[in-house]
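Let the sequences and hints guide you as you build the complete structure.
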Amino acid sequence: MDILRFATAGSVDDGKSTLIGRLLFDSKAIFEDQLEAVERTSRDRGTEYTDLSLLTDGLRAEREQGITIDVAYRYFATPKRKFIIADTPGHIQYTRNMVTGASTADLAIVLIDARKGVLEQSRRHAFLTTLLRVPHLVLAVNKMDLVDYSQERFEEIREEFTSFAAKLNAPDLTFIPISALHGDNVVSRSESMPWYNGSSLLHHLEHVHIASDRNLVDVRFPVQYVIRPQRATDPALHDYRGYAGQVAGGVLKPGDEVMHLPSGLITRIASIDTFDGPVDEAFAPMSVTLRLEDDIDISRGDMICRPNNQPHVAQELEAMICWMSDVTKLGPRTKLTIKHTTRTARALVRDLHYRLDVNTLHRDESAQSLGLNEIGRVSLRITQPLFVDDYARNRLTGGFILVDESTSNTVGAGMIVEAK
Amino acid sequence: MLQCDYTTSQLDVLEAEAIHIMREVAAEFERPCLLFSGGKDSIVMLRIAEKAFWPAPIPFPLMHVDTGHNFPEVIEFRDRRAEELGARLVVASVQDSIDAGRVAEETGRRASRNRLQTTTLLDAIEDNEYDAVFGGARRDEEKARAKERVFSFRDEFGQWDPKSQRPELWNLYNSKIRKGEHIRVFPLSNWTELDIWDYIRREGIEIPSIYYAHTRKVFERDGMLLADSEFITRDEDEQLFESVVRYRTVGDVTCTGAVQSTAATVEEIISEIAATRITERGATRADDRASEASMEDRKKEGYF
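Chains A and B, in that order, give the protein sequences. Under the UniProt record's numbering, the first sequence has 1 at position 1, and the numbering climbs by one with no breaks. Under the UniProt record's numbering, the second sequence has 193 at position 193, and the numbering climbs by one with no breaks.
Derived from the structure by calculation, the hints contain no laboratory data. Be aware that a few hints might be false.
What the hints assert, rightly or not - Straight-line alpha carbon distances no greater than 25 Å define the calculated SDA-like cross-link-like pairs of lysine to any residue that follow:
id	chain 1	residue 1	chain 2	residue 2
1	B	Lys176	A	Ser325
2	A	Lys28	B	Thr249
3	A	Lys116	A	His91
4	B	Lys163	A	Asp326
5	A	Lys253	B	Asp12
6	B	Lys300	B	Val103
7	A	Lys253	A	Ile296
8	B	Lys179	B	Val90
9	B	Lys163	A	Tyr73
10	B	Lys51	A	Glu293
11	B	Lys179	A	Ser406
12	A	Lys116	A	Asp148
13	B	Lys179	A	Glu293
14	A	Lys329	B	Asp155
15	A	Lys167	A	Asp148
16	A	Lys28	A	Val38
17	B	Lys176	A	Ile298
18	B	Lys176	A	Arg300
19	B	Lys176	B	Arg154
20	B	Lys300	A	Ser325
21	B	Lys51	A	Pro278
22	A	Lys253	B	Lys51
23	A	Lys335	B	Lys176
24	A	Lys80	B	Ile273
25	B	Lys51	B	Arg31
26	B	Lys51	A	Leu237
27	A	Lys253	B	Val13
28	A	Lys253	A	Val279
29	B	Lys176	A	Pro332
30	A	Lys329	B	Ser164
As the list claims (entries may be wrong) - Chain A stretches covered by chain B per the calculated footprint, using a threshold of three residues with CB under 8 Å from any CB of chain B:
id	segment
31	198-204
32	222-229
Backbone N, C-alpha and C define an ideal beta-carbon position, used for all residues, glycine too.
This is how it looks when you write it as structure tokens:
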């Protein structure tokens, strides 16, 4: 059984919470005591039906205001897969939360109200999904019951969205007509829509192929931690020197010729170690420990790759930034701490090329700064070289975070578009 | 053509993620420690720490906040496991906090030291100057926890502010703090109760005996079975009886309920949990029953 991580985007009005409530409920991930609490609250509020959306509100302020503020993580499993849902709020003032949830997602579900069709916010959700390179996108056309399960309406929405998605360079795109409230096409195929020949939403989630979404081509091993047993009771371990990390790309095998960056020195993998014994190969997302044939000075923040396939060694970066601070703005001359893979350095914003209107995709080249939830393209100068790939090629070696130097808060997320 | 699709099982993915988190902390913090209670989640967390740094020893101490009202089987297990690993175990005692006048013992029939632990924990973090503290909490346990970050920032009062959490993207964790602040780190955030048990089975990990069915003297209170213990005052109508029970969670004797069960092996426990319709905290924790937001409130104060 593998794991599918998916993000859901949409507002309360789109029926997002009801959809998640139904997935959890129908897959038996909701327990009696949770359901009782929801029934009690529904009764106290005078709601006629059991409001499944209450299941997904975590914080007091969210329950009081009836809104979702932050990303919440939910879990359920079927015999086929384990699922991790990043439940993200849909309103524009929570763009940063959606970006956060989408950063690790294999798939995103964007909800559309069948009555309202493709709205500005549907376009925004789809855009953010593609910006974060979520490999699979599902357009769930909800509330089909309120448009008489009309095939014509569904096709209309599909066409409108498809022509918009063409501009986005959208990945794998699937349209599913559903009614979250009644359960049509959520877990099992709906009898109300015999014209629909595709899978139910859950069936799609269970079967969508994600294993090849990872980069298995470019070997990237950011060195995270050097393991040197200093209290070794076993004399055989006195000379042990292992480089621990999580594989970010490619497939590593013992005997492979590898290159160390920044030195450029070439050696071979002597062994790939784990607590459970050496392994024949390592690929993302495995956490392993490499031993190398030659004694090279290697420390945290360095990169191991193949001599004929190296990342860019860059001190100048072009990146799309989503700004996440409600206190400060990002503009030319802003200085920040940057964390990329296992390397931390300082970054200086050299130029803000444009701010992107996430609703219309219009580029405002006169923009002087980025505020909370705004997205734009910048040039950065870094104090020391980073080992980077384009985000489109590898999300782990192409993404970075920006940290405010005075408050220590995470204030930005960056996706590298061009490394020099 | 090589027949391999490079899929990874859910336990391998979760383990790799947890190892990555632990190494990140060991690399970026000066004085981490790992909260080890002898409960199943902290046992799994300890196994992952063992794996993350092997063949080197775990590079941080273990800490237990001991209410003095724990199950003896669990304390015995805690000490033995720490010794086997050659790990340093720091025991922060609630009794010491009471004796020092830092907290006052609750009185009455429902007296519990559960809430007092927060002060003991925060004092111990301050005294030992810990800057990162690993906890075994999972997001599936409780709805306030469902919103908490893997690296959860605490201010100099040890408080959690759910409304201003740091965004957390990809596998990049922000470890920047000022002196006096600390980060609670939850490597098992994405595990469910069933994942924990599947992992215990796969790894053949030993757990304290009270997780398995055994005969015990209990009494019923608020629909929960509480153990006969010198630390609980029973009402006259709360009669003791013998029952075959096991514990689904392990905490303070005064607020941890047993469930009736005949599950005597890990396999039987897994079948039982896969079929259960009640959450583990709902079934066994009096401390979560106070209100809809009781966990959120305790967490804001600095609770685990």
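Hint-by-hint comparison with the structure:
1. B/Lys176 - A/Ser325: holds (16 Å)
2. A/Lys28 - B/Thr249: At roughly 21 Å apart (the allowed maximum being 25 Å), threonine 249 of chain B and lysine 28 of chain A satisfy the hint.
3. A/Lys116 - A/His91: The hint holds at about 16 Å.
4. B/Lys163 - A/Asp326: Holds: lysine 163 of chain B and aspartate 326 of chain A sit about 12 Å apart, inside 25 Å.
5. A/Lys253 - B/Asp12: Given that 25 Å is the threshold and the Cα spacing comes to 18 Å, the pair holds.
6. B/Lys300 - B/Val103: holds (18 Å)
7. A/Lys253 - A/Ile296: holds (19 Å)
8. B/Lys179 - B/Val90: Holds - the C-alpha atoms of valine 90 of chain B and lysine 179 of chain B are around 22 Å apart, at most 25 Å.
9. B/Lys163 - A/Tyr73: holds (16 Å)
10. B/Lys51 - A/Glu293: Holds - the C-alpha atoms of glutamate 293 of chain A and lysine 51 of chain B are around 23 Å apart, at most 25 Å.
11. B/Lys179 - A/Ser406: Given that 25 Å is the threshold and the Cα spacing comes to 13 Å, the pair holds.
12. A/Lys116 - A/Asp148: Holds, at roughly 14 Å.
13. B/Lys179 - A/Glu293: violated (41 Å)
14. A/Lys329 - B/Asp155: Judged against 25 Å, a Cα distance of about 24 Å means the pair holds.
15. A/Lys167 - A/Asp148: At roughly 31 Å apart (the allowed maximum being 25 Å), aspartate 148 of chain A and lysine 167 of chain A break the hint.
16. A/Lys28 - A/Val38: holds (15 Å)
17. B/Lys176 - A/Ile298: holds (24 Å)
18. B/Lys176 - A/Arg300: The hint holds at about 17 Å.
19. B/Lys176 - B/Arg154: holds (12 Å)
20. B/Lys300 - A/Ser325: Status holds; Cα separation ~22 Å.
21. B/Lys51 - A/Pro278: This hinted pair holds, its Cα atoms lying about 13 Å apart.
22. A/Lys253 - B/Lys51: The hint holds at about 20 Å.
23. A/Lys335 - B/Lys176: holds (16 Å)
24. A/Lys80 - B/Ile273: Holds, because 18 Å separates the two Cα atoms, which is no more than 25 Å.
25. B/Lys51 - B/Arg31: holds (20 Å)
26. B/Lys51 - A/Leu237: Holds, at about 16 Å.
27. A/Lys253 - B/Val13: holds (19 Å)
28. A/Lys253 - A/Val279: holds (8 Å)
29. B/Lys176 - A/Pro332: Measuring from Cα to Cα gives roughly 24 Å; hence the hint holds.
30. A/Lys329 - B/Ser164: holds (17 Å)
31. 198-204: Contact hint for the segment 198-204 of chain A vs chain B: violated, 0 residues under 8 Å.
32. 222-229: holds (count 5)
In summary, the numbered hints that this structure violates are 13, 15 and 31.
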